[in-house]
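Once you have looked at the hints, place chains Z and R on chain G.
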Amino acid sequence: MRLLNISRYPGQLVMDVVTPIVFASMPILLGRASGGANAEEVFAANTGTPNYVAYMLIGTSVFTIVSFAFWHMAYWLRWEQETGTLEVLYLAPTNRIWVAAGTALYSCLRSLLAATAVYLFGSLILQVTPFQGQVGLAFLFILVGLIPLYGMTLLYGAVILKVKEANALVNLMQWGVTFLMGVFFPVAIFPPLLKFLALLFPPTWMTNGVRSALLGIGYFFGEWYLDLAVLWAFLLVAPLFGYWVFSKTETSIRRNEGVGQY
Amino acid sequence: MVSPPIPVRVENLGKIYQVRQRKGLFKSEKRSVEALKGVSLEVQPGEVFGLLGPNGAGKTTLIKILTTLLLPSSGQAWVNGFQVERQDNQVRATVGCMLMGERGLYWKLTGRENLEYFGALYHYSPKDRKRRAEEIISLLKLGEIADRTVETYSSGQKMSLAFGKALINDAPLLVLDEPTNTLDVPSASELRAIVRDLNTQGKTVIYTTHIMIEAETLCDRVAIIDHGHLLALGTVAELKASLNREAVVHVEGAISSRAEESVSALPWVQRATRTSQDGGALLTVVASGGGVNLPQLIDALTQTGALIQKITPEEPTLEDVFIAKTGRTLAVDTRA
Amino acid sequence: MNLEGQNLSPSLIASLSAFWAMVRKELIIMARYPVNFVASFGQVFLIVAVFTLGGSMFYRGVEGGSSGGNPSGVVVYGFMLYMFMGDTLWAIGYNVRHEQVQGTLEQLYLSPASKFANLVSRVANILIWTGLLTITASILMASMIGDLPVENIGLGLYVMAFSLAGTFGLGFAFAALTLYIKETAQTVANFLQFGLLVLCAYFFPFSALPDFVLPISKLIPLSYTVDAFRSTMMGFPPGFPELAPIGFEVVLVTVFGLVMPYLGYVLYRRAENHARRRGSLSAY
Numbered sequence: 000m001r002l003l004n005i006s007r008y009p010g011q012l013v014m015d016v017v018t019p020i021v022f023a024s025m026p027i028l029l030g031r032a033s034g035g036a037n038a039e040e041v042f043a044a045n046t047g048t049p050n051y052v053a054y055m056l057i058g059t060s061v062f063t064i065v066s067f068a069f070w071h072m073a074y075w076l077r078w079e080q081e082t083g084t085l086e087v088l089y090l091a092p093t094n095r096i097w098v099a100a101g102t103a104l105y106s107c108l109r110s111l112l113a114a115t116a117v118y119l120f121g122s123l124i125l126q127v128t129p130f131q132g133q134v135g136l137a138f139l140f141i142l143v144g145l146i147p148l149y150g151m152t153l154l155y156g157a158v159i160l161k162v163k164e165a166n167a168l169v170n171l172m173q174w175g176v177t178f179l180m181g182v183f184f185p186v187a188i189f190p191p192l193l194k195f196l197a198l199l200f201p202p203t204w205m206t207n208g209v210r211s212a213l214l215g216i217g218y219f220f221g222e223w224y225l226d227l228a229v230l231w232a233f234l235l236v237a238p239l240f241g242y243w244v245f246s247k248t249e250t251s252i253r254r255n256e257g258v259g260q261y
Numbered sequence: 000m001v002s003p004p005i006p007v008r009v010e011n012l013g014k015i016y017q018v019r020q021r022k023g024l025f026k027s028e029k030r031s032v033e034a035l036k037g038v039s040l041e042v043q044p045g046e047v048f049g050l051l052g053p054n055g056a057g058k059t060t061l062i063k064i065l066t067t068l069l070l071p072s073s074g075q076a077w078v079n080g081f082q083v084e085r086q087d088n089q090v091r092a093t094v095g096c097m098l099m100g101e102r103g104l105y106w107k108l109t110g111r112e113n114l115e116y117f118g119a120l121y122h123y124s125p126k127d128r129k130r131r132a133e134e135i136i137s138l139l140k141l142g143e144i145a146d147r148t149v150e151t152y153s154s155g156q157k158m159s160l161a162f163g164k165a166l167i168n169d170a171p172l173l174v175l176d177e178p179t180n181t182l183d184v185p186s187a188s189e190l191r192a193i194v195r196d197l198n199t200q201g202k203t204v205i206y207t208t209h210i211m212i213e214a215e216t217l218c219d220r221v222a223i224i225d226h227g228h229l230l231a232l233g234t235v236a237e238l239k240a241s242l243n244r245e246a247v248v249h250v251e252g253a254i255s256s257r258a259e260e261s262v263s264a265l266p267w268v269q270r271a272t273r274t275s276q277d278g279g280a281l282l283t284v285v286a287s288g289g290g291v292n293l294p295q296l297i298d299a300l301t302q303t304g305a306l307i308q309k310i311t312p313e314e315p316t317l318e319d320v321f322i323a324k325t326g327r328t329l330a331v332d333t334r335a
Numbered sequence: 000m001n002l003e004g005q006n007l008s009p010s011l012i013a014s015l016s017a018f019w020a021m022v023r024k025e026l027i028i029m030a031r032y033p034v035n036f037v038a039s040f041g042q043v044f045l046i047v048a049v050f051t052l053g054g055s056m057f058y059r060g061v062e063g064g065s066s067g068g069n070p071s072g073v074v075v076y077g078f079m080l081y082m083f084m085g086d087t088l089w090a091i092g093y094n095v096r097h098e099q100v101q102g103t104l105e106q107l108y109l110s111p112a113s114k115f116a117n118l119v120s121r122v123a124n125i126l127i128w129t130g131l132l133t134i135t136a137s138i139l140m141a142s143m144i145g146d147l148p149v150e151n152i153g154l155g156l157y158v159m160a161f162s163l164a165g166t167f168g169l170g171f172a173f174a175a176l177t178l179y180i181k182e183t184a185q186t187v188a189n190f191l192q193f194g195l196l197v198l199c200a201y202f203f204p205f206s207a208l209p210d211f212v213l214p215i216s217k218l219i220p221l222s223y224t225v226d227a228f229r230s231t232m233m234g235f236p237p238g239f240p241e242l243a244p245i246g247f248e249v250v251l252v253t254v255f256g257l258v259m260p261y262l263g264y265v266l267y268r269r270a271e272n273h274a275r276r277r278g279s280l281s282a283y
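Protein chains in written order, with numbering that gives the first Met the number 0: chain G, 0 to 261; chain Z, 0 to 335; chain R, 0 to 283.
Quick caveat, the hints were computed from the structure, so don't treat them as lab data.
Built from N, CA and C at the ideal position, the CB exists for glycine as well.
Watch out, some of these pointers could steer you wrong.
Stated by the list, open to error - Under the rule of at most 20 Å between Cα atoms (straight-line distance), these lysine to any residue pairs were calculated in the SDA-like manner:
1) Lys114(R) x Val265(R)
2) Lys107(Z) x Val265(R)
3) Lys126(Z) x Val265(R)
Unchecked claim - Here are the simulated distance ranges between beta carbons:
4) Ser124(Z) x Arg277(R): 31 to 39 Å
5) Lys181(R) x Asn11(Z): 29 to 37 Å
6) Gly35(G) x Ser142(R): 47 to 55 Å
7) Gly326(Z) x Phe36(R): 53 to 61 Å
8) Ser124(Z) x Ala100(G): 57 to 65 Å
9) Leu213(R) x Leu108(G): 35 to 43 Å
10) Glu134(Z) x Leu7(R): 18 to 26 Å
One chain only, chain G, in its complex shape:
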């Protein structure tokens, strides 16, 4: 139903694709102007690949998935609270897990379609070959990374239900994760503490995994199956942890002001 609904907003669907491509072109254009003739070489020395266009595009494509996850999941809860329908949801006999799963499925589908479109159109506009390296492996990193990502958004959604300033929080978190996952740069340049923090986020492993599969920049632990194993570990832990925090927050809200308290 939500997919049908969004199909009636073609402008929004276009923006979903155009915005990330524009984001990617910012550092590309700045870099080309600042880097001069040696831009590719310098870039390769800093990141492991001279293909800076694909590097940036992969970053923004994964960013698209992350952004959608936060807006559709974390913000969705607050939106339901604001419009008064969260209470209705709680009054219905349907388990909330299924409702959340339904929203997550919609978000996944929409974000995967958008991210793919971003990568393909971006490659066309910026003139790079989109499908190089191990495409299947890249896709596997994305799929495995999705579930822990949504687990994270559920955790964050709990924070938003409590604090209530949804727009500001989602924007901040979205950019925070974007920074930590290294959307336009490798996290190796971070100081040790920041690097450790970055590695606690599933999107960081997703981004690096896709880049390594397609551009060969190198996995964190040297081999693809080791990095993938870390993502599997996140897959097992993150959703459970996210749901646990969400349940606790929900109970606390019901005990105090009620879920409908806007």
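Below, chains Z and R without anything else, positioned relative to chain G:
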């Protein structure tokens, strides 16, 4: 001596909206909706003037034109002597309005801050704003909540604050659109008492309502609007009398046929009908023209030995007036 | 009926007092969203860090740094104008729309307060709030990218002032559009912001743009505000300004700064009257 300006004068006022009606996924059709059709009326100084009509009748359109929120399509209107289109700022400065209920408040400001802010919009000095806000808080008994943000208020409290906002500029004309909506019974009663007080102090009030008892008890004159037309205008008594309906009263108790004859003989009684019922009788008395003379009726009954248990008068209501004029009840939504 | 107590012709002081009350109201409301307040600074820091670190991948570790001009000046001064453009374009229109939905726009129209003052009060808030964010972010960016050249401060401030005036005029025009198209304005604002981000080269030199894009950039007055401002503040390094001689650009920016606010206000009042005819001042 210059006579005071008439608070409201409306001449042949018309308003046509252009609306778009969807026909399927991609097609839509433009059509015109005539919300007001040549309405003319005057509101006299110092009266409480009621506007009655179902949803979509044109009441809010009329009020919005008078308060300069809406521009008319035809006709003219003057408020406090100022033409609503050409002298809109003077109109705004001399009217206090409560038009959209609990909407129109800043939720992140406290009640006091809201009142002081709106006082600023009426060009009150900072000192006068504070004073005026305090007066209103005191009048409406909002002291306990005045320094909390509006987002924490209940619906009723927001309505009270919205009413307070209408009083902020101490205007000679108040326009109140269903001000007791969502208020509980005691609060609604208190608000009506305040309106009555303000009217006693000389303020003119335009009051729209769906609630008959409000119009009947509060308003000096009432205008009935339906489908953009002004159907009737007069005092409540005049409007009821215009029905030319018989007044009826039911008397229950121990009533003999002799009592029935005695009542039938009264000059103002058209007919009196006695029916037996459990434990006594029911006497239905129909009066012609002028209404029921209750003291005479009671005399006629008691002198013939009747024992009266209950007297139930049956009078036409404003709703009856509305039904007679329009053929529908007030509950029917006539929005186009 | 006594009209004596009514303020039919408010004095200048009374009007200024009303104006200050409008500004103060917005500041109070902003302060009561503490998370938003903190998050705005955090978000700006993160956006700056993301883009500048990304750009630095092209010259990081190279002796002498960037070979294509001073990226610090290009990015920081462009960023300053972008912050105001983004906030103005979106904030004024969004503010008007938010008040329309909330019902407080109608309240404003029920009062005799100046509508022009109301628009300007939103501008004043943006100047205060965005100004703070811009200064913070600029210091941060300069520390991350490198030394920031600061030259020709007088002319730079002149260009900035007229650039801002023109941008605010655009904001009024956009607020007018918001009254017409309501929620769709958000999509349009996003689209415009991103389009202008590229076409007006806020974060990179115009020389980085593809050849077919440059003629389009030259048609947009905002491009000249960006070029003139950063060229002036960087002390006119070789190749700057990029679009036209500085004299021409300063004249163009001045005209933009004088004409656009007036045009924007006229469009806004027209949209307002249209809303009054349609009865959509509180429509949502």
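**Prompt:** Which of the listed hints are not met by the structure?
**Reply:** Going through the list in order, the structure violates hints 2, 3 and 6 and respects the others.
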